[in-house]
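Those protein sequences? They're chains F and H, same order as listed.
With the first letter of the first sequence counted as 1, position 284 gets the number 287 in my numbering; the numbers rise by one all the way through.
With the first letter of the second sequence counted as 1, position 140 gets the number 143 in my numbering; the numbers rise by one all the way through.
Don't read these hints as lab results, they were simulated from the structure.
There could be a bad hint or two in this list.
Calculated pairs, DSSO-like style, for lysine-lysine (alpha carbon to alpha carbon, straight line, at most 27 Å) [said to hold, decoys possible]:
no., chain 1, residue 1, chain 2, residue 2
1, H, K255, F, K255
2, H, K205, F, K289
3, F, K178, H, K205
4, F, K24, H, K157
5, H, K255, F, K89
6, F, K205, H, K192
7, F, K255, H, K249
8, F, K289, H, K89
9, H, K289, F, K205
10, H, K89, F, K191
11, H, K289, H, K139
12, H, K255, F, K289
13, F, K191, H, K178
14, F, K178, H, K89
2 protein chains.
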Amino acid sequence: MPDIIILGTIGIDRLKTPFGKAENVLGGSAVYAAYAASFFSKPGIISVKGEDLEEKELHFLKEKGVSLEGVKTKGKNFRWAGEYGKDMNEAKTISTEINSLADFQPDTPETYKNAKYLFMANIDPEMQLKVMNSVKAPELIVTDTMDYWIKNKKEKVMEAISKSDILILNDQEAKALFQEQNLVKAAKKALQAGLKAVIIKKGEHGSLLFTKNEHFSCPGYPLENATDPTGCGDSFGGAFIGHYSKSRDIRKAIVYASVIASFNAEGFGLENLKKISHEDIEKRYKEMIALRSF
Amino acid sequence: MPDIIILGTIGIDRLKTPFGKAENVLGGSAVYAAYAASFFSKPGIISVKGEDLEEKELHFLKEKGVSLEGVKTKGKNFRWAGEYGKDMNEAKTISTEINSLADFQPDTPETYKNAKYLFMANIDPEMQLKVMNSVKAPELIVTDTMDYWIKNKKEKVMEAISKSDILILNDQEAKALFQEQNLVKAAKKALQAGLKAVIIKKGEHGSLLFTKNEHFSCPGYPLENATDPTGCGDSFGGAFIGHYSKSRDIRKAIVYASVIASFNAEGFGLENLKKISHEDIEKRYKEMIALRSF
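Chain F extracted, bound-state conformation (with noise of 0.2 Å):
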């Protein structure tokens, strides 16, 4: 039985940044979430994945205590390419199939509806609202989204924010989703939207934790070797909520989610996750405290 259930996409990947290229990635938002939280707990993934996707490719989430029985199998896998510039701060979309995922109904299996923990990562909100309702009595709802949502779906988007502890979402996401360019005047008027916490992505300048009471501020760790941003903002969901579930400190919690999320920059796809171990987490865990004394 799963600790987190985690509802995002599967995906198969083209990438291209400035230090390369790589074709047929696997990828998507449950994927990084997943993988990323299974270093601290145990997901259980909800999802769909093509025909063209065999199963053995999933494997090594569940070598990782990743449940997969949320997973469906149907038609063609979605697919995206993406290329970053020079600075690599915002993916360009070059091409999106949507595929299999475009009339996928989400089903919570038996074994996931009493996980006191939710991530609903990046997905058509309509989904992240059908899971939100499947489960009991979910302790913990934390939601990412993206500008494709905001812009095609908002009243959506603000449904499921509504029904959510946690809003996890980038830098520009917040400013385009409360149509205010001042951080500080944007997550304001998402917790006046009900919200106990709003956490602001801002790639290599790190995160920014807003609650009624408290601001923190969370350094992204200096990479001298990013090579590919895509799935860090995932990476860093999946990895807060896993650690979050386990220690219930939402600073300590960032922390290691902006640790994973440096770690999965360095490498194409998942490739560079998938080489550390809970050493090089607690090493550079360490470095992100060193990096911020004074």
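Since chain F is already given, all that's left is putting chain H on it; use the hints.
Coordinates of chain H only, in the frame set by chain F:
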């Protein structure tokens, strides 16, 4: 006798931001830096002003203990007009009238020549070199620069840097000067040029310190009402050297610099800096500690 020598400009600015405009505002790198430094120590300015700028306009600096002995008066004052877009991260220069700065020959008063701390604020690097060489036994030289000099006098900028201990510049300038998109790599190149430390300012995202053995990441204070970023970089540099000259604690000095720059952003020109007290500074410094504890 001043503790710190600050070389920089005295300007008359016309400013436009999404939050308003202001004309005939006293500015310039030396003015912002000296005012900021004066919270912590006794700076003396080397600069030139025009005959169109009355002595009494600089009286508030004297009241804060700033020496103006090194300020010449000649011709028409340097004038700059700048505009900031929605994100307020970078100024667009609308017009520049160099005027009396054009053939300014900085002379170092005798009473300045024993100073131990020098801040070479943004100005022609040849003037920076001349002043550096005029001081008898400086213990610490901190140098700032800007895109204009990097583009037009890069060799002289590099020569000034080679004679400095600490370089302070913003992220765009670091990328341009060291032709390196990655800030960690840019900082390494700076350290290879012989510097003891590089401080990279990132506006609202805070600042980074790099030395041979350490990284430090200082958060930006989350501002809800940033109205005009003019002079934030200069006041950061001035506050840094002002605090460092007393504390000899580079990290604390950066945090105080960040605090002063954040107050500076909350008003047009020097407007808000003129209002704050030591109590306000200490209060915000404590907030910075809370902001980053985990």
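Hint check:
1. Among the hinted pairs, K255 of chain H with K255 of chain F is consistent with the structure: their alpha-carbon atoms are about 23 Å apart, no more than 27 Å.
2. Restraint check for K205 of chain H and K289 of chain F: the C-alpha separation of about 24 Å stays at or below 27 Å, so the hint holds.
3. The straight-line distance between the Cα atoms of K178 of chain F and K205 of chain H is roughly 19 Å, inside the 27 Å bound, and the hint therefore holds.
4. As the CA atoms of K24 of chain F and K157 of chain H are separated by approximately 34 Å, the hinted pair breaks the 27 Å bound.
5. Between K255 of chain H and K89 of chain F the alpha-carbon distance is near 33 Å, which puts this suggested pair outside the 27 Å criterion.
6. For a cut-off of 27 Å, the pair hint linking K205 of chain F to K192 of chain H stands: about 25 Å separates their Cα positions.
7. Proposed proximity of K255 of chain F and K249 of chain H is contradicted: the alpha carbons are some 34 Å apart, above 27 Å.
8. Proposed proximity of K289 of chain F and K89 of chain H is contradicted: the alpha carbons are some 37 Å apart, above 27 Å.
9. At roughly 24 Å between alpha-carbon atoms, K289 of chain H and K205 of chain F fall within 27 Å of each other, so this suggested pair holds.
10. The suggested pairing of K89 of chain H with K191 of chain F holds, with an alpha-carbon distance near 19 Å, which does not exceed 27 Å.
11. In summary, the hint linking K289 of chain H to K139 of chain H is not supported, as the alpha carbons are separated by about 38 Å, beyond the 27 Å threshold.
12. A hinted pair counts as satisfied when its Cα atoms are at most 27 Å apart, and K255 of chain H with K289 of chain F qualifies at roughly 20 Å.
13. Restraint check for K191 of chain F and K178 of chain H: the C-alpha separation of about 34 Å exceeds 27 Å, so the hint is violated.
14. Proposed proximity of K178 of chain F and K89 of chain H is supported: the alpha carbons are some 11 Å apart, at most 27 Å.
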